[in-house]
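The hints should help you fit chain B onto chain A, whose structure is shown.
Okay, here's what each chain looks like letter by letter:
There are 2 protein chains.
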Amino acid sequence: MTQNIYDNPAFFEGYSQLGRSVEGLAGAAEWPSLRAMLPELKGLRVVDLGCGYGWFCRYAREQGAAEVLGLDVSEQMLARARSMTSDAGIRYERTDLEHLDLPPAAFDFAYSSLTLHYIADLADLLSTLHRALLPGSRFVLSIEHPIYMAPTRPDWATDAEGRRIWPLDRYSEEGERTTDWLAKGVVKQHRTMGTLLTLLIRAGFTLDHVEEWSPTDAEIAAHPDWAPERDRPMFLLIGAHR
Amino acid sequence: MTQNIYDNPAFFEGYSQLGRSVEGLAGAAEWPSLRAMLPELKGLRVVDLGCGYGWFCRYAREQGAAEVLGLDVSEQMLARARSMTSDAGIRYERTDLEHLDLPPAAFDFAYSSLTLHYIADLADLLSTLHRALLPGSRFVLSIEHPIYMAPTRPDWATDAEGRRIWPLDRYSEEGERTTDWLAKGVVKQHRTMGTLLTLLIRAGFTLDHVEEWSPTDAEIAAHPDWAPERDRPMFLLIGAHR
Numbered sequence: 003m004t005q006n007i008y009d010n011p012a013f014f015e016g017y018s019q020l021g022r023s024v025e026g027l028a029g030a031a032e033w034p035s036l037r038a039m040l041p042e043l044k045g046l047r048v049v050d051l052g053c054g055y056g057w058f059c060r061y062a063r064e065q066g067a068a069e070v071l072g073l074d075v076s077e078q079m080l081a082r083a084r085s086m087t088s089d090a091g092i093r094y095e096r097t098d099l100e101h102l103d104l105p106p107a108a109f110d111f112a113y114s115s116l117t118l119h120y121i122a123d124l125a126d127l128l129s130t131l132h133r134a135l136l137p138g139s140r141f142v143l144s145i146e147h148p149i150y151m152a153p154t155r156p157d158w159a160t161d162a163e164g165r166r167i168w169p170l171d172r173y174s175e176e177g178e179r180t181t182d183w184l185a186k187g188v189v190k191q192h193r194t195m196g197t198l199l200t201l202l203i204r205a206g207f208t209l210d211h212v213e214e215w216s217p218t219d220a221e222i223a224a225h226p227d228w229a230p231e232r233d234r235p236m237f238l239l240i241g242a243h244r
Numbered sequence: 003m004t005q006n007i008y009d010n011p012a013f014f015e016g017y018s019q020l021g022r023s024v025e026g027l028a029g030a031a032e033w034p035s036l037r038a039m040l041p042e043l044k045g046l047r048v049v050d051l052g053c054g055y056g057w058f059c060r061y062a063r064e065q066g067a068a069e070v071l072g073l074d075v076s077e078q079m080l081a082r083a084r085s086m087t088s089d090a091g092i093r094y095e096r097t098d099l100e101h102l103d104l105p106p107a108a109f110d111f112a113y114s115s116l117t118l119h120y121i122a123d124l125a126d127l128l129s130t131l132h133r134a135l136l137p138g139s140r141f142v143l144s145i146e147h148p149i150y151m152a153p154t155r156p157d158w159a160t161d162a163e164g165r166r167i168w169p170l171d172r173y174s175e176e177g178e179r180t181t182d183w184l185a186k187g188v189v190k191q192h193r194t195m196g197t198l199l200t201l202l203i204r205a206g207f208t209l210d211h212v213e214e215w216s217p218t219d220a221e222i223a224a225h226p227d228w229a230p231e232r233d234r235p236m237f238l239l240i241g242a243h244r
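Chains as they are written, first to last, in the working numbering: chain A, 3 to 244; chain B, 3 to 244.
So here's chain A without its partners, still in its complex pose (with noise of 0.2 Å):
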C-alpha cells in the first residue's frame, strides 16, 4: 500500500496549516492555471483522485457536476472533507490509489491534484481510470514537477557567484525519493516527464496541454517569495482525454 503520510499527526497537523488547506483551492498558486484547463463541469459525473479535504469535489458540484466521487487514502482527510458538505451529489470514499478499483464508463471528467507522484504503479491507475471514463472525457492533473523531486538534496543552494540554483541531480534515476516536509520520511515516486507523459499516452490518453506552473508578474508582485518558482518549476499540469 502506499504510504499513507498524511494520517501521520506531524504530517496532518502541519499540512492543515497550509495556505491550500485554510483556504482551499484558492491558497493554492497553481489554481488559476488549473482552472483555465478544466472543461464546463455541468452535468459532469466527476471523480477526484486524492481528493483531500474535499475542496475540489465542492467546487466542482458548485459549477453544476451532476455528481462527484472523492478517493483519498487518509481517513483525517476524509475526515474533515465530510464534515465540511452535507451534499449528497458529493461521495467521498477510502481508496488505496495504488489499487484503484472503479467501474467502466463511470465518469465523464476525472481531476486530480499532487497525488500521482506518490503512487508507484502508475501504469495500473491510468489503465483503470481510463476504463472508467466515457470517450471524450476530460483528464487535468498536477502532480509534483520532476525537476523538483529528483535532486539529492531538492533544495535551493548558491553556486560560486552567489546566484540562486536549484541543484539538479538523479534526473534520469526513477524510483523512490525520501524528504523531510511536514514530516520525516515523506516517500515520493520519481519519474521523468518524459516517462509520466508516455505513460499517459500508452494508456490511452491523448495529451491536450502541458503546463509547468511559474507565476505571472502580477503575482510575483502580489507574492514576491514566489520569484524564485521561476528557476525550477515545482508544479507539472496536464490536460488529456480519452
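Hints in this document: simulated from the structure, not taken from any laboratory.
There's no promise every hint is true.
Covered by chain B, per the in silico footprint, the following chain A stretches (three or more residues, Cβ under 8 Å) [what the hints assert, rightly or not]:
#1 147-156
#2 159-173
#3 186-199
#4 211-220
#5 225-234
Over 10 Å on every C-beta distance to chain A, these chain B residues come out as not near it, computed from the model [said to hold, decoys possible]:
#6 11
#7 12
#8 27
#9 63
#10 87
#11 183
Just the calculated beta-carbon pair ranges, DEER-fashion [to be verified]:
#12 B/163 x A/163: 17 to 27 Å
#13 B/154 x A/226: 18 to 28 Å
#14 B/12 x A/226: 37 to 47 Å
#15 B/16 x A/154: 27 to 37 Å
#16 B/222 x A/125: 23 to 33 Å
Where is the CB? At the ideal position from N, CA and C, for every residue including glycine.
Using the frame of chain A, we list chain B on its own:
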C-alpha cells in the same frame, strides 16, 4: 533570419570534428532512441528540417524512402551533404527555417534533429509543417532539452558536499540563450517543455512519445564519460503524428 552559426568558420571546423559529424548517426548518442521512434520509411516522402550533412536523408533512402528533401540554412553543411551522395531521390535546399515554406500535403514523414532550438517563431514553422504533411503522417524530432538550455551557467558545478550538480535557474524565463560552444555567441531559443509540447498540440499534432534521453547501463559501461547525462537530460526526443 535565424543566426547561421554553422557557416561561422570556427564553429564549422569544430562541428565537423564531432563524433556525429565524422561517424554520422552512429556517432550520436541519442540515435538508437530516435531510430526506435521512426515509422517504416519505405515509400514515404520525407522532409528533414535541419539536415546538416545529410546523414538522416541518406539513411531514409537506404530504408526505402521514395524521396527526401533535406533543408538547412548552412551553405557549408549543404555543400558537404551534396558531396556525399549522387542519389537523385535526395534533394537539398537552402532554407531559413524561420520562414519555412513547403507545399501542402507533400510529405508523409518529417524529421528534425537538434535544430528547433534555433527557431524563434516555432508556432509558424509547426503550422507550415502540419499543412505540408498528409493526415496520419509521423513527425520525429530531437531538441536540446530545456533543462540543458535554461541556466545562466549551463555547465556542471559542485555542491558543498562535492557532488556533481547541474545549476538550474531561469527555467521559466523563456527566450534567447547565448552560449560559447565551438564558437562564441551561439544563440538558442529557450522554451519550457510545457511550451514546446503545447505548441506541437496547438499546431494540430498528437503526441505519441516523449523521451528525455539518458544512457543505459550498457552505454555507460561502453562510454563511462556519459554517466553524468543521468543527472540532467541533454536531449528531448518527441514522436508525434498529424
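These are the hints, each one checked on the structure:
{"no.": "1", "hint": "147-156", "verdict": "holds (count 4)"}
{"no.": "2", "hint": "159-173", "verdict": "holds (count 12)"}
{"no.": "3", "hint": "186-199", "verdict": "holds (count 4)"}
{"no.": "4", "hint": "211-220", "verdict": "holds (count 5)"}
{"no.": "5", "hint": "225-234", "verdict": "holds (count 4)"}
{"no.": "6", "hint": "11", "verdict": "holds (32 Å)"}
{"no.": "7", "hint": "12", "verdict": "holds (27 Å)"}
{"no.": "8", "hint": "27", "verdict": "holds (21 Å)"}
{"no.": "9", "hint": "63", "verdict": "holds (30 Å)"}
{"no.": "10", "hint": "87", "verdict": "holds (33 Å)"}
{"no.": "11", "hint": "183", "verdict": "holds (20 Å)"}
{"no.": "12", "hint": "B/163 x A/163: 17 to 27 Å", "verdict": "holds (19 Å)"}
{"no.": "13", "hint": "B/154 x A/226: 18 to 28 Å", "verdict": "holds (20 Å)"}
{"no.": "14", "hint": "B/12 x A/226: 37 to 47 Å", "verdict": "holds (43 Å)"}
{"no.": "15", "hint": "B/16 x A/154: 27 to 37 Å", "verdict": "holds (34 Å)"}
{"no.": "16", "hint": "B/222 x A/125: 23 to 33 Å", "verdict": "holds (26 Å)"}
Taken one by one, the earlier hints all hold for this structure without exception.
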